[in-house]
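Number of protein chains: 2
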Amino acid sequence: MIERLCIVGVGLIGGSLARALREAGAVGEIVGASRNAEHLQRAVDLGVIDRFDTDIAAAVRGADIVFLSVPLGAMRKVFELIKGSLAGDAVVTDGGSAKACVVTDVEAVWGEVPAWFVPGHPIAGTERSGVEASFADLYRGKRVILTPTASTAAEALQRVRAMWQATGAVVKEMEVRHHDEVLAATSHLPHVLAFTLVESLARMSEQREIFEYAAGGFRDFTRIASSDPVMWRDICLANRDAVVAMVEHFSNDLDALTQAMRQRDADAILKIFADAKAARDAFAG
Amino acid sequence: MIERLCIVGVGLIGGSLARALREAGAVGEIVGASRNAEHLQRAVDLGVIDRFDTDIAAAVRGADIVFLSVPLGAMRKVFELIKGSLAGDAVVTDGGSAKACVVTDVEAVWGEVPAWFVPGHPIAGTERSGVEASFADLYRGKRVILTPTASTAAEALQRVRAMWQATGAVVKEMEVRHHDEVLAATSHLPHVLAFTLVESLARMSEQREIFEYAAGGFRDFTRIASSDPVMWRDICLANRDAVVAMVEHFSNDLDALTQAMRQRDADAILKIFADAKAARDAFAG
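Heads up: the protein sequence lines correspond to chains A and B, in order. Last residue of the first sequence: 285 (my numbering), numbering continuous. Last residue of the second sequence: 1285 (my numbering), numbering continuous.
The set of hints was computed from the structure by calculation and includes no laboratory data. If you're wondering where the values come from, they're calculated on a predicted model, not measured in any experiment. We put the beta carbon where it would ideally sit given N, CA and C, even for glycine. Worth double-checking, as some hints may not be accurate.
Said to hold, decoys possible - Label pairs and their calculated CB-CB ranges: (1) B:1104 x A:282: 36 to 46 Å; (2) A:84 x B:1268: 50 to 60 Å; (3) A:263 x B:1255: 50 to 60 Å.
To be verified - No farther apart than 25 Å at their CA atoms in a straight line, the calculated lysine-lysine pairs in the DSS-like style are these: (4) A:77 x B:1083; (5) B:1172 x A:271; (6) A:172 x A:142; (7) B:1142 x B:1172.
To be verified - Just a few of them, taken from the derived set where beta-carbon distance is under 8 Å, the chain A residues facing chain B: (8) 46; (9) 76; (10) 109; (11) 110; (12) 113; (13) 135; (14) 161; (15) 165; (16) 192; (17) 254; (18) 263; (19) 274; (20) 276.
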């Protein structure tokens, strides 16, 4: 049972965590924090949080768990703001989509990775954002990856694990660096491709006609291009090395396929497509 | 009213056309044709077609409309098989995803584009294939593009248009070459990207783990990679020039974004992502 949870950044991710814990009866008071009083008031009106404070240092006072759900580019600033205001037994965790950069930010502010900090990442979300899009079942059956470092306390890890389990999520552990590589492959690269494709087509002169003839497959394929641009800019910068490496890997494979098309190499093209279908059918069940 | 419709290739596309016309009361007899008696028998068992013939020349005899729904690579062979067996007033149309190649095949077999041939393309489908996946509402509200050539008879065009309208589809006309460019952008390129991405990830040593942590966005993004590999190989070869040009256009834009990431050019990255989101939100409504 969490007595007081402080959520910094009450959008889809933070708001859904609040709703899920409330529904599970796993939390006493929920305090929201960010710089935007209007957003926070909406979260109160929706019953997602109990109260809020736009003074982030004040908001975290007395909380036993602090969850940071802000764009990766804002993490360090938030760490600076909360330093010195945390309760003695507070555990801090986050929901950032890349983890090495968050660990670096924590180290920069505290000079080490404190024992009470548990880097985390719920693998859930939709292309929508904002507290209005939040719902209690967002995490049910989904994975949450925790990436404790060598200095993370077992008790802190256990408290964060219990919090996520109360939402119905399946909690896994992974090394920081490995997390960033896996996510670059399955999440960051696809977003980069979807954003690039839609922007590329939108710059064509016949863009209205092009989108008019787009079928359902295109709609599914480009859904993630409706994701929050600021959040994804931050992810691409924060996890830059892994993302760039994955894009280069993909580009090499795309070049090879294009070359096969130029040479009318039917067998090479078929092998790539058939292998892809087999893999996709296998993981999608 | 179509008295006898012959469908060559009774899968998702041909089967759904049959079901839709039957439901609309717009067709008398439906004859299925292909080389696979087992598939055709299943189509009879499902009530999709009335009878079948694996002798394609025999199957088209006496039909007032012949619909070809075979992979693009098989079109020319089918044209050769039906030449000489068509009824005097028969109209022939097809559902191929690229149109210049089909027109070339027709010309190769008849020495010209006959007045009774109407190239067509229903912009509908799912990643599934086969007659079991067919359903009567597949075309409802969807676009069907007809690409008549200079020699196409107005009456033939009108009969094919009426057939598709009976399925609930919205029929549009477009020039052959323009069709192939628009479809390269909105359909062929996205399929190439999805196949390449999944195959690229599947070749990584940690593929099982990678797919395990894929979230809903990845599932949507890669759905089209479950499409029929043979059909898509044929499309890439048949519409090669337009597809290669679109891939090159995309690759240049992907390189520019990657360069912006390398240089940590936050503004350039944000502009691409924000423009993509705006375009995607606009067309997806």
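Taking the hints in turn, this is what the structure says about them:
1. Between residue 1104 of chain B and residue 282 of chain A, the C-beta spacing of about 37 Å keeps the proposed range 36 to 46 Å intact.
2. Under the hint 50 to 60 Å, the C-beta atoms of residue 84 of chain A and residue 1268 of chain B, about 37 Å apart, miss the expected range.
3. As the Cβ distance of residue 263 of chain A to residue 1255 of chain B is approximately 22 Å, the hint placing it in 50 to 60 Å is violated.
4. Using a Cα cut-off of 25 Å, the hinted pair residue 77 of chain A and residue 1083 of chain B is violated, with the two alpha carbons roughly 74 Å apart.
5. Of the supplied pair hints, the one linking residue 1172 of chain B and residue 271 of chain A is violated, its CA atoms being roughly 35 Å apart against a limit of 25 Å.
6. Distance hint between residue 172 of chain A and residue 142 of chain A is fulfilled; the C-alpha atoms sit about 10 Å from each other, no more than 25 Å.
7. Our distance criterion of 25 Å between C-alpha atoms is met by residue 1142 of chain B and residue 1172 of chain B, whose separation comes to about 10 Å.
8. Because the beta carbon of residue 46 of chain A sits about 23 Å from the nearest beta carbon in chain B, more than 8 Å, this interface hint is broken.
9. Hint on residue 76 of chain A is violated. Least Cβ distance to chain B is approximately 15 Å, over the 8 Å limit.
10. Hint status for residue 109 of chain A: violated, given a least beta-carbon distance of 21 Å to chain B, over 8 Å.
11. The interface hint given for residue 110 of chain A is broken, as the beta carbon of that residue sits about 25 Å from the closest beta carbon of chain B, more than 8 Å.
12. A cut of 8 Å between beta carbons decides the hint on residue 113 of chain A: the least distance to chain B is about 23 Å, and the hint is violated.
13. With its C-beta approaching chain B no nearer than about 13 Å, residue 135 of chain A sits outside the 8 Å limit, and its interface hint is violated.
14. Taking 8 Å as the C-beta cut-off, the interface hint given for residue 161 of chain A is violated, the closest approach to chain B being about 17 Å.
15. Hint status for residue 165 of chain A: violated, given a least beta-carbon distance of 18 Å to chain B, over 8 Å.
16. For residue 192 of chain A, the shortest C-beta to C-beta distance to chain B is roughly 7 Å, which falls under 8 Å, so the interface hint holds.
17. For residue 254 of chain A, the shortest C-beta to C-beta distance to chain B is roughly 5 Å, which falls under 8 Å, so the interface hint holds.
18. Evaluation of the residue 263 of chain A hint against chain B yields a violated restraint, the C-beta minimum of about 10 Å exceeding 8 Å.
19. This hint holds: residue 274 of chain A has a C-beta 4 Å from the nearest C-beta of chain B, less than the 8 Å allowed.
20. Annotation: interface hint on residue 276 of chain A holds; nearest CB of chain B at approximately 4 Å, less than 8 Å.
Of the numbered hints given earlier, the model fails hints 2, 3, 4, 5, 8, 9, 10, 11, 12, 13, 14, 15 and 18; all others are met.
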